[in-house]
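Q: For chain A, the structure is supplied; the task is to place chain B on it using the hints.
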Amino acid sequence: MSRFPVFDSHVDTLLRISGPPEFLSGSSTQLDEPRALKGGVEDLVLAVCAEAERDPTASWKKAFGIYEELIERSSLRLHLMAEGCQPLIELYPEGFPRDLRVACLTWNVPNSLAGGVHSDAGLTDEGRALVRRLRDSGVIIDVSHLCDRSRRDLLRMDVPLVATHCNCRRLRDVPRNLPDQDIREIASMDGVVGVTFVPRFLAENATSSHIVDHASHVADLVGVDHVGFGSDFDGMGNPPAGVVDCTSWPAIFEEMSQRGWSDGEITKASCSNWRRVFGLEET
Amino acid sequence: MSLIDHWKDRHPQPRGGGRIIVYVILLVLVVFLMLKAEDIGETFAVMFSGDGDTTEVVR
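Taken in order, these protein sequences are the chains called A and B. Per our numbering: the first sequence ends with 295, consecutive numbering throughout. Per our numbering: the second sequence ends with 66, consecutive numbering throughout.
It is worth saying that the hints were derived from the structure and are not from the lab. For every residue, glycine included, the Cβ atom is placed at its ideal position computed from N, Cα and C. You may find that some hints are simply not true.
On the chain B side, residues computed to face chain A include the following (Cβ under 7 Å) [unchecked claim]: (1) Ser9; (2) Leu10; (3) Ile11; (4) His13; (5) Trp14.
In isolation and in its complexed conformation, chain A is listed as follows (with noise of 0.2 Å):
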């Protein structure tokens, strides 16, 4: 057990399991219940990646329709993210689910409301429209997957942002990973950026010390406070070295330790920052 509680603020397991009991009792993912509390993990992000699926309507009904029920049964505190938007327009014209607390406009392909990092689209009306809905409703708006000019597009919106699973681009540079301006202006609104675990987004020949160089990145940059972690587990091939799973978390934290981090940085980083942004109260 981590002496460190871990906010997970981004997982793709909702999509990798056929059903709760799988996440509950123990399944060959890289996340599921019992290990997550093995790591530490109090407060954990479902994504709904349903554009990455053949049929993304479906994709999210079934992935909504496991989190409904995990959310009855499981010990964790759970939240509910979109990943990729075009399924809200059409299930939800009016509301969105109340459990919906963070969404990201696109996957990685471009879609009626923004462009993703493979492609150079910028915002589209319907795109600030639903922006704006999702504000209106206390959606946090995620940048993750958006391409340069989106998220500029986005930036300049001034809605409250956050990148869930993000690294920084002076480090790594990918288009996945954050310039340091654009950590700058998260950061200016409060929010937060998720440094993830996936390999190509860290370093070549990656390992969990790369984690720990991303995370020192945006603190130097922008301050402890706007750190945070999102680690990608089963939306990734096969992690860094020194990461297993789940259950690696406080070998992370050791690492962070060791290099200089307090233990109140450590907490910030591992989960007050994020329960900040989410309005939670500290369990």
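A: Relative to the frame of chain A, chain B by itself:
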């Protein structure tokens, strides 16, 4: 304070006072019309019916 609340704090919505004033004015107007309905009706009758010298043409 959550990120959304923090944002709302920095972006106060316009107060609802203006809308209330419009509702009050509408209410006063409705009451006025109810009280003066008879007079207004007579005035309209005089204006549009004339004094009886119009001729209806029937074909």
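Q: Close enough to count: is the Cβ of isoleucine 11(B) nearer than 7 Å to one in chain A?
A: With Cβ-Cβ at 5 Å, under 7 Å, it holds.
Q: Would you check whether serine 9(B) satisfies its interface hint, that is, whether its CB is within less than 7 Å of any CB in chain A?
A: 3 Å, holds
Q: Holds or violated: is there a CB of chain A closer than 7 Å to the CB of leucine 10(B)?
A: 4 Å, holds
Q: For the hint on histidine 13(B), just tell me whether its beta-carbon gets within less than 7 Å of chain A.
A: 5 Å, holds
Q: Using the nearest Cβ pair, does tryptophan 14(B) come within less than 7 Å of chain A?
A: 4 Å, holds
Checked against the numbered hints given earlier, this structure breaks none of them.
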